[in-house]
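Novice: Sequence:
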Amino acid sequence: MSYRIARGEQGVLTFEPYKSLLLPHWRFKTVPIARTSSSTLKAAFDHYVSARDFVGADMARKFIQMGMTRAKRYANYKGGRKYDRSERETERDGGSRRQLEKSEGHVGREEKAEASEVFKAVWRECTSDEGYLGLKEEFLAEQKEWDRSQRKVKEEVKEEEEEDEDG
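Mapping to this note's numbering: the sequence shown position 17 is 88, numbers consecutive.
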């Protein structure tokens, strides 16, 4: 119940064991590699949906989405750097960071754009999959109930602690 769907592919590199299982299959350097990677990740997605494992399916979907967005970034920015500094550098040194201008005509641009489209087609299949959408609804309902029960337990514990202090 600690898993949060989050926005886009946020959290994709933090939730185990799925991260370790899926990350080795996430590649987008060339179109053939993107096709192999996206089909492997889609097979994992389908497996998790059929096993009624929403978290696994959502993590596979996130890796597919991340393939699309990262390949697109390399298509738009030579070297794949969107900003002049990382968030870590900004936090460490202060100041702000600046978005770099998109580059045109760099080597590999067309291939990365096509690789992004490969992942995009698979990502759209995932986000419209009826089994996945049903699991998502069930998971959100269960999570809402879980969160509600956890708040209730915390309130009861707090009340007991206050009674102990008073009594």
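Because the hints were derived from the structure by calculation, they are not lab data.
Certain hints may be false.
[Stated by the list, open to error] Each computed BS3-like pair below joins lysine-lysine, with the alpha-carbon atoms no more than 30 Å apart:
(1) Lys207 with Lys191
(2) Lys229 with Lys153
(3) Lys153 with Lys143
(4) Lys215 with Lys100
(5) Lys100 with Lys90
(6) Lys173 with Lys229
(7) Lys173 with Lys207
(8) Lys153 with Lys223
(9) Lys191 with Lys153
(10) Lys223 with Lys207
(11) Lys113 with Lys223
(12) Lys113 with Lys143
(13) Lys191 with Lys90
Novice: Look at each hint and say if it fits the structure.
Specialist: Checked hints:
no.: 1; hint: Lys207 with Lys191; verdict: 20 Å, holds
no.: 2; hint: Lys229 with Lys153; verdict: 47 Å, violated
no.: 3; hint: Lys153 with Lys143; verdict: 11 Å, holds
no.: 4; hint: Lys215 with Lys100; verdict: 39 Å, violated
no.: 5; hint: Lys100 with Lys90; verdict: 20 Å, holds
no.: 6; hint: Lys173 with Lys229; verdict: 54 Å, violated
no.: 7; hint: Lys173 with Lys207; verdict: 36 Å, violated
no.: 8; hint: Lys153 with Lys223; verdict: 44 Å, violated
no.: 9; hint: Lys191 with Lys153; verdict: 20 Å, holds
no.: 10; hint: Lys223 with Lys207; verdict: 24 Å, holds
no.: 11; hint: Lys113 with Lys223; verdict: 39 Å, violated
no.: 12; hint: Lys113 with Lys143; verdict: 19 Å, holds
no.: 13; hint: Lys191 with Lys90; verdict: 20 Å, holds
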